[in-house]
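Order-wise, the sequence lines are chains A and B.
So the number in our numbering is just where the residue sits in the first sequence, counting from 1, plus 1257.
So the number in our numbering is just where the residue sits in the second sequence, counting from 1, plus 1257.
Hints may contain errors.
What the hints assert, rightly or not - DSS-like mimics (lysine-lysine), calculated; alpha carbons at most 27 Å apart, straight line:
id, chain 1, residue 1, chain 2, residue 2
1, A, 1363, A, 1419
2, A, 1259, B, 1419
3, B, 1406, A, 1363
4, A, 1509, B, 1358
5, A, 1509, A, 1406
6, A, 1358, B, 1509
7, B, 1358, A, 1419
8, B, 1419, A, 1358
9, B, 1363, A, 1358
10, A, 1509, A, 1528
11, B, 1485, B, 1472
12, A, 1363, B, 1363
Claimed, not checked - From the derived model, a few chain B residues whose C-beta atoms are all more than 10 Å from chain A:
id, residue
13, 1296
14, 1433
15, 1450
16, 1487
17, 1492
18, 1516
Said to hold, decoys possible - Just so you have them, the derived chain A footprint on chain B, three or more residues with Cβ under 8 Å:
id, segment
19, 1265–1273
20, 1360–1370
21, 1380–1391
22, 1421–1431
Hints are computed from structural coordinates only; laboratory data are not their basis.
Ideal Cβ placement from N, Cα and C applies to all residues, glycine included.
2 protein chains.
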Amino acid sequence: MKIIHSISEIQQLSRDLAQEGKRIGFVPTMGFLHEGHLSLVNVAKQHSDVVVMSIFVNPTQFGPNEDYDSYPRDAERDQKLAAERGVDYLWMPEVSQMYPKGEQTKVVVTELTRGLCGPFRPGHFMGVTTIVAKLFSALQPQIAVFGEKDYQQLQVIRRMAKDLLMPIEIIGVPTLRDEDGLAKSSRNVYLNEEERKQVLYISQAIKAVQQAVKKGEKQVQKLLSLGKDILAQAPDLQLEYLEIVDAENLQKLEVIQRPARVLIAAYVNHKRFIDNGALT
Amino acid sequence: MKIIHSISEIQQLSRDLAQEGKRIGFVPTMGFLHEGHLSLVNVAKQHSDVVVMSIFVNPTQFGPNEDYDSYPRDAERDQKLAAERGVDYLWMPEVSQMYPKGEQTKVVVTELTRGLCGPFRPGHFMGVTTIVAKLFSALQPQIAVFGEKDYQQLQVIRRMAKDLLMPIEIIGVPTLRDEDGLAKSSRNVYLNEEERKQVLYISQAIKAVQQAVKKGEKQVQKLLSLGKDILAQAPDLQLEYLEIVDAENLQKLEVIQRPARVLIAAYVNHKRFIDNGALT
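With the hints as extra help, turn the sequences into a complete structure.
Written out as structure tokens, the structure is:
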């Protein structure tokens, strides 16, 4: 595995691979890799000839009171895990390279970012779409793989790539979970045992809603009540939102008649967790 | 010369040329070609192996009271002129292809679009940067050539390409002029003889400011007065702005101490004209 820092090296790699007719599979991450990230590498390998993973904790997608400074980082461990999993190139840019002096260009996706996490994290999705557009422009991959754990982000990036006519196929990969159901996340490292118990109600609420839909319940109000009842059992969990939306356009639904998604965001001890699940 | 309509064909062409190691030189236009556009083709040919010209009258960069519907169009004549000048591929997309159903992604450059034409044409530059980002993403050229006639646009696009880490060299080409000094523009077709006389004061004011700078005048207030005096001689010319700014960041100057630019926008009979010139 080769480690790349500079943009010009990534652009050159892109040109060289294009000339060789090789398909680039891209896995953008913020590092502190876990099995969820590594499962994206497996998928990228299935769809491409060369896998490039980026590790970049992007400052512009964190709010002023969020955890940019304390976001978990471990470059050495990440390099080892990426190499073991068969990543060909690990791209680790500096902030000053991704945001050149005097930079003032933003990429914005409008409707899809208005609901769910959007109002609670102003500027977050603009940070995400801007950085992903930069990563895509410099590398020009044919395939890019994202986890469904950040489901709204996945839909926003799909829309951006389509709207900007990028010749990139966006692949979403189902969330990996620990045995107790907790969605794998770099931020889980923040949790102590007691907090983890509280957070588990999130995945349990999602599972309960999914099972109710499987059994035939289509009324969103009833499904939301069911989910909220479960979340209410967690005394220290502060719900930000529980919503059931169209799986593609993320608009709220009243009745489930087409592919839908249940999404939850909640705090435990000022730490924010999100999770979601498919409803079909 | 091959004519291409579909995005997928352009994306395929881009892949094929990349695999052959050919450099793509791109000339984006809104058509109704004149010698100014064709001079861009000459420059593109010098810097690339294959020249692609696009013709697309982009609706999102026209304001509601602007001339989108009446903008001059002549596809047949454009095709002939492009072929004669040696364009290899002429890309003529439809609006529905550039703006897919449900599209909601915008590319925004902030500071550089706040002055000059920005406040007078709200949304114009967002329309420009969004469409150019789409054209660049689909074609992935190595070189893109723009006229200096739209100087603010040129600087905005340079900034966008740099900020988004696009591996594209942006080349600006000096404005071509008719013998009387009028900057070549597709919109000149709107002018009758009397109006043309009025519009000529714009290029004359620019030339006078340039000459004063050459003779040693560095005070912007004096240079602006000189320009305004000339424009005041055109009875039917309505000045929108006359400004002298830094040539790169477009910030207003008080004294000319580094590369600068004089820019004018004015109306004659409700028709808007812009022009500019270098001050060094």
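Now the hints, each set against the structure:
1. A:1363 / A:1419: With Cα atoms ~17 Å apart, residue 1363 of chain A and residue 1419 of chain A stay inside 27 Å; holds.
2. A:1259 / B:1419: 25 Å, holds
3. B:1406 / A:1363: 25 Å, holds
4. A:1509 / B:1358: The given pair, whose Cα atoms are some 20 Å apart, holds under the 27 Å limit.
5. A:1509 / A:1406: Satisfied, since the Cα-Cα distance of roughly 19 Å is no more than 27 Å.
6. A:1358 / B:1509: 20 Å, holds
7. B:1358 / A:1419: Measuring from Cα to Cα gives roughly 10 Å; hence the hint holds.
8. B:1419 / A:1358: Answer holds: residue 1419 of chain B to residue 1358 of chain A is near 10 Å, not above 27 Å.
9. B:1363 / A:1358: Between residue 1363 of chain B and residue 1358 of chain A the Cα gap is close to 22 Å, so the pair holds against 27 Å.
10. A:1509 / A:1528: Judged against 27 Å, a Cα distance of about 26 Å means the pair holds.
11. B:1485 / B:1472: Measuring from Cα to Cα gives roughly 18 Å; hence the hint holds.
12. A:1363 / B:1363: Answer holds: residue 1363 of chain A to residue 1363 of chain B is near 8 Å, not above 27 Å.
13. 1296: Non-interface label on residue 1296 of chain B holds, nearest chain A Cβ at 27 Å vs cutoff 10 Å.
14. 1433: 29 Å, holds
15. 1450: About 43 Å separates residue 1450 of chain B from the closest Cβ of chain A, which puts it past 10 Å; holds.
16. 1487: Holds, because the least Cβ-Cβ distance between residue 1487 of chain B and chain A comes to about 34 Å, which exceeds 10 Å.
17. 1492: The claim stands: residue 1492 of chain B keeps its Cβ more than 10 Å from every Cβ of chain A (closest is about 40 Å).
18. 1516: Fine: 16 Å to the nearest Cβ keeps residue 1516 of chain B off the interface.
19. 1265–1273: As far as the segment 1265–1273 of chain B goes, the hint holds, because 3 residues have Cβ atoms under 8 Å from chain A.
20. 1360–1370: It holds, with 10 qualifying residues against the three required.
21. 1380–1391: Held - the segment 1380–1391 of chain B has 3 residues with a Cβ nearer than 8 Å to chain A, which meets the minimum of three.
22. 1421–1431: Check passed, 4 qualifying residues.
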